[in-house]
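Take these sequences, add in the hints, and give me the full structure.
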Amino acid sequence: MMESAPFNYRRLIILVSRLALAGIFIYAGYSKIFYPNQMFRPVALLKFSVLANLSNFGNQVNSYKLLPQAGVDFVAHTLPFAEIMIGLLLLIGWRLRIWACIVTLLLLSFFAMVTRAYILHLPIDCGCFGKPEPVTSFTLLRDGSFLLLACLLTFFVFQEARKPHPWAAPAEAPRSA
Amino acid sequence: MNRRFIVRAMLLGCLSLASVHLLASPGNQKSPAKRTGVSSAAAPAVEGTITVNGVTDIDPTKAFGSRNAPVVMEIYSDFQCPACKQLFLTTTQRVMDNYVNTGKIYLVHRDFPLPMHAYSRVAAIYSRAAAHIGKCEVVEQALFENQEKWEATGDVKGTVAAVLSPADMKKVQALVDSKTLEALIDRDKQLGMNIPVNQTPTSRLYTRDGQPPYPVIGYVSFDVLKTLLDQIAK
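Sequence order for the protein chains is A and B. First residue of the first sequence? That's 152 in this note's numbering, and the numbers climb one at a time after it. First residue of the second sequence? That's 364 in this note's numbering, and the numbers climb one at a time after it.
There's no promise every hint is true.
Claimed, not checked - Under 10 Å between C-beta atoms, here's a sample of chain A residues computed to sit facing chain B:
(1) GLN189
(2) ALA203
(3) SER206
(4) GLY209
(5) ILE243
As the list claims (entries may be wrong) - Here are the simulated PhoX-like cross-link-like pairs (lysine-lysine), alpha carbons at most 20 Å apart as the crow flies:
(6) B:LYS520 / B:LYS533
(7) B:LYS589 / A:LYS198
(8) B:LYS467 / B:LYS589
(9) B:LYS520 / B:LYS542
(10) B:LYS512 / A:LYS216
(11) B:LYS534 / B:LYS520
Claimed, not checked - Some chain B residues well away from chain A (every beta-carbon gap over 10 Å; in silico):
(12) THR419
(13) ASN509
(14) GLY521
Just so you know, these hints were derived from the structure itself, not from any lab. On a predicted model such as this, the values are computed, not experimentally measured, just so you know. Backbone N, C-alpha and C fix where the C-beta goes; we use that ideal spot for every residue, glycine too.
Okay, here's the thing in structure tokens:
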């Protein structure tokens, strides 16, 4: 029977932060697509609900006043699905270094935008999780902690990649002449 | 049982939960309960209100279109809410042009001032007073267009006065000072809380076939709303 890999704290942090960030991203994408309008039947109403929710999210993105309309439309129609996909990839743990970097960059940009909105006292919704939520110091704290978690994940994932795999055969000792 | 199995099981579990949630949910948010005004804690109708298509407590001065329209659309909004501003300036105007003025929709504005907005109730009162002298649209337009200015200073009166003649402003001020219109705003608020309205803007579309109303929550662009309106406002 194959043995589990040896335990260490680095791998524990990677596992916990990976699963936490996966859950956060999946929920964020899901709530943007399926909240607040939740008419699931018939299919025509489901389609309307999803489009209405994406339209609502687009309005929240637009309120940051950072992107042109074309950019807002692109973000509104792609970001929720991208978040779900990234969450699932983190959950599986495939190509973790790549996705950890992308997650960190995404969270860094979100944190920067929210900080800017907070400093400028913009009376807008955060748009982080679908439901209306003003930008407050709690939003900054929360997004900052997500960013910290992503940074930890990225750091430890790269560190882990440099170590030899625990199941690799030990290097042979050099033969004496 | 190895790690791959555990991860795959978790993934399948998440997907299954999501599928169950989507497919087995009670369906849409069309509440089986109620048309507006017909609630277990119904208060007597406020004087001056009418009923259209089973929708009660409508202030006719804040409603637009033909009362024989096949669809009644209520919009619960707050004058200090940015999403309500966006809805009013982009979507509602086009709904007025394409559906209200063509007799397909009877549009009802309901005031739902939120407690965290300091001046939204004042704006609602001035708007209601202007509606009672036939100047609803011009004052609502002014309030939404200049939302950032008056919410920073609290000068709702000045914003309204800028778009009305001195004689009209005098009539509006008299109505505001008499406080006779506040019961209408309180009634709209109560109706919204009965639904319940959890965020603004919230729209509800009532058809003549007696079905529960279609809720539309949050901002929605005209192009998206049109897909629903074209289906139900035939």
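Problem set entry | Hints violated by the structure (listed by number, smallest first) | none
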